[in-house]
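Asks: With these hints in hand, go ahead and build the complete structure from the sequences.
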Amino acid sequence: MPLLKAPGNGVTIRMYRQGHGDCFLLAFPQNDSDQAYYVLIDCGYKPGSQNMVTKRSKKSIGDFVQHIIDSTNNTIDLMIITHEHQDHVNGIWKKNNPYFGKINIKKAWFAWTEDPKDPLAKKFRKKHKDQLLGLVSARNSLALALGTKDPVINRLDNFLNLELGGEEEAFNPLSAAAKDPTKSINKQAIKLIRDKADGNDGVEYLNPGDGPLSIEGVEGVKTYVLGPPRRESLLVDEDPIGKEGFPSHRGSSGLTFLAAASDSNGSTAKIPFANKFVIPKSKALRTKFFKDNYGTDNTEKLYDNEIEIASNAHWRRIDNEWLFSAETLALKLNRGINNTSLVLAFELQKSKKVLLFAGDAQRGNWISWHKNDWEVGDKTISAKDLISRTVLYKVGHHGSHNATLNGTVDSDYANLSWMGQGKYANEFTAMITAVNSWAMQKNNPPWRHPLPSIREALESKTQGRLFQTDMDIPAKPDDVSNSEWEKFTSNCTFDKMFFDFQILDEC
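Counting in our numbering, the sequence shown runs from 2 upward without gaps.
Quick caveat, the hints were computed from the structure, so don't treat them as lab data.
Careful, some of the hints might be misleading.
[What the hints assert, rightly or not] Under the rule of at most 30 Å between Cα atoms (straight-line distance), these lysine-lysine pairs were calculated in the DSS-like manner: (1) K130 x K95; (2) K424 x K244; (3) K488 x K385; (4) K462 x K477; (5) K351 x K380; (6) K95 x K180; (7) K353 x K107; (8) K180 x K130; (9) K108 x K95; (10) K108 x K188; (11) K60 x K192; (12) K59 x K124; (13) K443 x K385; (14) K223 x K424; (15) K118 x K197; (16) K124 x K96; (17) K443 x K150; (18) K188 x K124; (19) K103 x K118.
[Claimed, not checked] What follows is a list of derived Cβ distance ranges for each label pair: (20) L121 x E457: 24 to 30 Å; (21) K6 x P453: 51 to 57 Å; (22) Y414 x N208: 17 to 23 Å; (23) D413 x N10: 20 to 26 Å.
Cβ atoms here follow ideal geometry from the backbone N, Cα and C, with glycine treated the same way.
Replies: Structural data, given as structure tokens:
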């Protein structure tokens with residue numbers, strides 16, 4: 002299999018079609034070498050989705066990893082992990098025989114949230130771990146009450162798999178990760194990449210505003226760090242407000258289960274209150290007050306069409322009802338981690354074209370970008386100026402409702418309209434990592450990946466230059482000339498396993 006080639010001036014972006022998840026291989030021309038400089042951004046997928054990519058023979062994630070090995074001569078010069086979700090990292094680690102076990106990783110970039118020495122990162126990780134343990138506990142309690150096939154349990158299991166990783170579609174409540182999230186597939190994948198890079202050129206933990214960063218051995222490419230933000234309130238801010246959202250976006254309810262995630266000592270709790278306010282049910286039902294008012298009597302007496310309710314009726318208790326808000330915590334956990342996504346803008350120096358990789362960044366991440374400025378020589382580059390030169394947008398979170406903001410060029414927050422302005426509009430292209438048929442049947446309600454109104458906006462803005470995992474060659478829009486379309490397709494390669502797209506660093 003031939004190596005992935007870089008153009009003499011620019012970059013080749015390979016979007017792998019391994020399923021509902023992210024895996025991008027970038028090839029830049031390298032100084033004094035015929036071999037390209039390879040950057041790999043994430044490698045993961047949602048189990049089950051790989052079987053539903055259209056017109057492609059079934060391939061395992063191992064086949065894709067081998068393809069990466071063959072395409073790079075088994076060396077990744079720079080590995081970038083945007084965040085630790087299953088669909089971004091489970092192609093890296095496999096128990097006892099990791100997929101990336103023999104790959105040479107020279108250098109790695111992570112967001113500041115993965116920095117083991119960062120105080121705010123440590124606080125965030127501890128809180129997330131405590132909430133995750135609480136969610137596992139609530140899931141197990143609900144499963145006993147409802148049965149493991151109940152739709153509520155199914156939805157919770159989907160979220161838990163996302164947080165803990167692995168290649169199984171069904172969540173295993175007896176797994177080591179369910180008892181200790183530090184043993185999850187996601188964590189093991191990140192540790193493997195960190196250990197490999199530490200043995201070579203090292204690991205960097207990036208903060209918003211860092212840059213412009215140079216890539217050693219590659220001329221003419223600078224990297225700017227936009228997110229994630231260093232404010233906890235922004236990390237948990239997930240849903241668009243008002244006109245920020247595209248039509249049909251859906252909000253989420255409040256976090257009523259949060260208090261149940263852990264007790265005052267941080268250990269797993271099974272009730273929604275601090276332990277000091279708790280009387281064990283076994284003890285309470287031996288106490289006269291509780292026995293008389295919150296007992297187990299479920300008898301009813303009928304007197305002339307009127308029902309006398311027992312004073313100690315069982316329904317007066319709320320033993321399990323609070324557990325049903327566990328789904329709200331699952332949503333918060335999911336989006337909290339999504340907002341830790343490392344967001345990078347790669348700038349090609351001659352043409353000033355920008356490649357924007359947003360991971361799964363959601364509202365809190367997006368609305369923080371405009372605060373970044375970079376001093377380059379005697380000039381100040383604003384985030385708005387940088388984003389306006391975007392010619393490639395890796396669409397956030399599979400095109401979901403809260404991962405691409407709506408707005409105008411004049412809005413004071415980053416949004417789709419900021420991208421591809423002026424002369425860059427004629428080249429603006431987008432990539433959506435989504436398997437729609439899988440997403441629509443996976444959950445109840447379904448995951449609308451991509452949201453139709455976001456896809457429509459992208460189709461219009463890109464003039465059809467839109468790649469999606471489960472779709473083959475894009476169709477030419479009626480209002481685009483044959484010569485314009487041929488210019489686009491001449492830079493593309495369409496394969497069952499990947500899409501290649503070449504961007505030249507020329508005006």
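Asks: Going back to the hint list, which numbers does this structure go against?
Replies: Of the numbered hints, 12, 13, 20, 21, 23 do not hold.
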